[in-house]
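Colleague: Listed below are the residues making up each chain.
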Amino acid sequence: MPELEIQQLAKSCNEALILAALRGTPRHGYQLALEIEERSRGLFRFGHGTLYPILHKLEKDGHIKGAWDEGSGKRKRKHYELTPSGRRYAARQVAAWRVFFERFFDLVGGVES
Amino acid sequence: MTRFRETLKLASDRLDLPQPTKSRILLEIASDLDAAYEHFRAQGLEEEEAVRKTTERFQLSDEVLAQLAQIHRTPFRRLLDRLSTSAQSRWERLMLLLLLLFIAGMAGRHLQVSLLASHVSPFVWPALGLALVALGLGLHKGYVLFLKKDHNLRHLRSGLHPLLALAGVDLGIGAYGWVFELHAAAGRVARGAEPLVCTLDWLLRTSGLMLICLPAALGTALAWFALTSKAGAIERAEIEHQLGGDDHENPL
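Taken in sequence, the protein lines are chains A and B. The numbering of the first sequence is the numbering used here, which starts it at 1 and goes up by one. The numbering of the second sequence is the numbering used here, which starts it at 1 and goes up by one.
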């Protein structure tokens with residue numbers, strides 16, 4: 001059963017959010033941050049600088065693939081897309097988060113009642 | 001665009017990574033800064049306010065930059081960078097060139113005698129073949145960088161690592177041939193051949209081999225130093241140009 005390490009929650013959360021945002025279509029770094037912020041209605045707001053280590057680590061691990069847009073006259077932009085390995089990794093992450101929340105609410109819900 | 005030049009320069013100064021990785025990261029950040037700025041402008045913010053808000057959102061802390069450096073740095077890369085940096089000095093390159101010329105001159109004189117006398121190890125031929133391949137690769141890359149001036153960052157460094165590998169393989173062939181010939185000479189002595197003759201024969205054969213392998217490896221490594229330095233200079237100029245935007249002349 002996939003499990004999350006408590007010390008790595010923030011990292012896992014950011015990775016899951018980025019992978020989810022890339023599920024539909026390739027996106028640039030800034031688009032990703034905006035997309036996550038908008039879809040979470042402002043709850044998950046990235047300092048955009050923090051996005052790059054996560055993106056580059058995922059790219060290095062082969063979960064996403066970066067490529068440069070060859071715009072004519074304008075500055076080149078790097079976009080990212082999910083790889084098959086990234087899809088599997090995202091599924092494992094979601095499963096791990098599901099387990100995490102189930103156990104969390106088992107515990108917290110019990111205290112509340 | 002120059003509005004984020006200061007932000008990018010600060011990031012560049014603190015991002016401890018070699019080229020072209022550093023340039024690629026800075027270009028990515030630069031393009032996202034522009035996109036964020038345009039987004040804020042489209043929301044109706046004044047230019048100064050859009051710049052301020054964009055800069056605020058892109059907090060490139062030391063921790064973030066250290067994480068990036070850690071992700072991109074590999075042990076092999078560290079080794080290559082050290083070698084490359086040490087070749088930046090003109091004096092070092094001049095000394096290497098003089099050393100190479102000296103060895104090539106001495107090798108040329110002795111090689112004639114060695115080859116004509118046919119007292120040369122068979123390992124000479126693969127070493128010579130690889131030296132010719134390295135020469136071809138080096139000349140081609142030199143032509144692309146210095147004459148054709150094709151400075152596309154994507155394949156600027158392609159073909160450089162094979163040069164270094166060829167230099168290493170040439171040295172390896174020399175070392176292996178040296179030991180192989182020693183083993184063969186020892187075997188002949190064990191079967192009753194005259195030791196002095198065998199030793200002299202071994203010395204003759206392996207010195208001929210070394211006269212090929214050492215200059216070939218040194219020459220290839222020197223070519224790699226020179227071409228890598230040139231590629232690094234092109235990358236630095238290119239990134240300056242890219243980050244400076246359309247209002248700057250390309251310095252290349």
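If you're looking for bench data, these hints aren't it; they were derived computationally from the structure. Check the hints yourself; a few may be wrong.
When the alpha-carbon atoms are kept at most 30 Å apart in a straight line, the in silico DSSO-like pairs for lysine-lysine are as follows [as the list claims (entries may be wrong)]:
#1 A/K57 / B/K53
#2 A/K60 / B/K9
#3 B/K149 / B/K22
#4 B/K22 / A/K11
#5 A/K57 / A/K78
#6 B/K9 / B/K22
#7 A/K76 / B/K9
#8 A/K65 / B/K9
#9 B/K9 / B/K149
#10 A/K76 / B/K149
#11 B/K22 / A/K76
#12 B/K148 / A/K78
#13 A/K57 / A/K11
#14 B/K230 / A/K60
#15 B/K22 / A/K78
#16 A/K11 / B/K149
#17 A/K65 / A/K11
#18 B/K22 / A/K60
#19 A/K57 / B/K22
#20 A/K65 / B/K22
#21 A/K78 / A/K60
#22 A/K11 / A/K76
#23 B/K149 / A/K57
#24 B/K53 / B/K22
#25 A/K57 / B/K148
#26 A/K60 / B/K148
#27 B/K9 / B/K53
#28 A/K76 / B/K230
#29 B/K53 / A/K78
#30 A/K76 / B/K53
#31 A/K11 / B/K9
#32 A/K11 / A/K78
#33 A/K11 / A/K60
#34 A/K11 / B/K148
#35 B/K53 / B/K230
Colleague: So, against the hints stated earlier in the document, which numbers end up violated here?
Modeller: 16, 23, 25, 26, 34, 35
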